[in-house]
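Participant: Residues in the sequence shown are numbered from 1 upward in steps of one, following the UniProt record's numbering.
None of these hints come from the bench; they were simulated from the model.
C-beta atoms are modelled at their ideal positions from N, C-alpha and C, and glycine is treated no differently.
No incorrect hints appear here.
For each label pair, taking beta carbons as the anchor points, the in silico distance ranges come out as:
{"id": "1", "residue 1": "Lys27", "residue 2": "Phe120", "range": "36 to 46 Å"}
{"id": "2", "residue 1": "Asn59", "residue 2": "Arg18", "range": "43 to 53 Å"}
{"id": "3", "residue 1": "Leu110", "residue 2": "Pro9", "range": "31 to 41 Å"}
{"id": "4", "residue 1": "Ile23", "residue 2": "Met148", "range": "23 to 33 Å"}
Result set (BS3-like, lysine-lysine): computed pairs, CA atoms no more than 30 Å apart in a straight line:
{"id": "5", "residue 1": "Lys57", "residue 2": "Lys179"}
{"id": "6", "residue 1": "Lys101", "residue 2": "Lys91"}
{"id": "7", "residue 1": "Lys27", "residue 2": "Lys12"}
{"id": "8", "residue 1": "Lys184", "residue 2": "Lys57"}
{"id": "9", "residue 1": "Lys91", "residue 2": "Lys27"}
{"id": "10", "residue 1": "Lys184", "residue 2": "Lys61"}
{"id": "11", "residue 1": "Lys12", "residue 2": "Lys91"}
{"id": "12", "residue 1": "Lys61", "residue 2": "Lys179"}
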Amino acid sequence: MLAFIGLQPFVKVSDLTRDVSTINGGKFYYGFLSSIGILLWCSTATICLAFTYLLFKMNIKINAFVFCAGLLTTMLLFDDLFLIHEYVAPKRLGISEEIVKAIYPSAILLFLIFFREQIFSSSYFVFLSSLGFLALSIVIDSFIPQNMPHQYLFEDGFKFMGIVGWFYYLSSTCYTLSKNTLVKQNQEEHMVINQ
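Take the sequences, apply the hints, and build the full model.
Facilitator: And the structure:
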């Protein structure tokens, strides 16, 4: 990656390596809540995908729910981090922001349909609440005028609450699943030893 950054002729290297606030001459706290949200997206994706990898390495059936949750979270992480629906898709790729915005709820809806049993056998209230907060953020972004008092507090606040709920739900679900998987594996090993 460093070689590509150094050799590509399109963008100044310093624009790709330095902090955004430094490049723009902004204050260190600019984007504070957004940055914490991105860290939570990244943590959630890492937990889900690492859990899937551990199952694979232990020759245990991979949990499709956790794997797909990790992929979905990674997609949301990249959108948030690289401003895909706000900037890259409409301004660089010529894809309407509305089309890209429709992809994410569609992906989440498919996830809900395919994994409804796993979701409803877990602490689903937290997950559904996080989806509700994320939906409120989208509604405010799409339909509320930007000059409304505290518009960003509500839009970004609901988004942050949604991300926190998403992180809590999936990290606690992975913890519970890993605990149950280890208990089950230990029981199976004891059964083999006792035979």
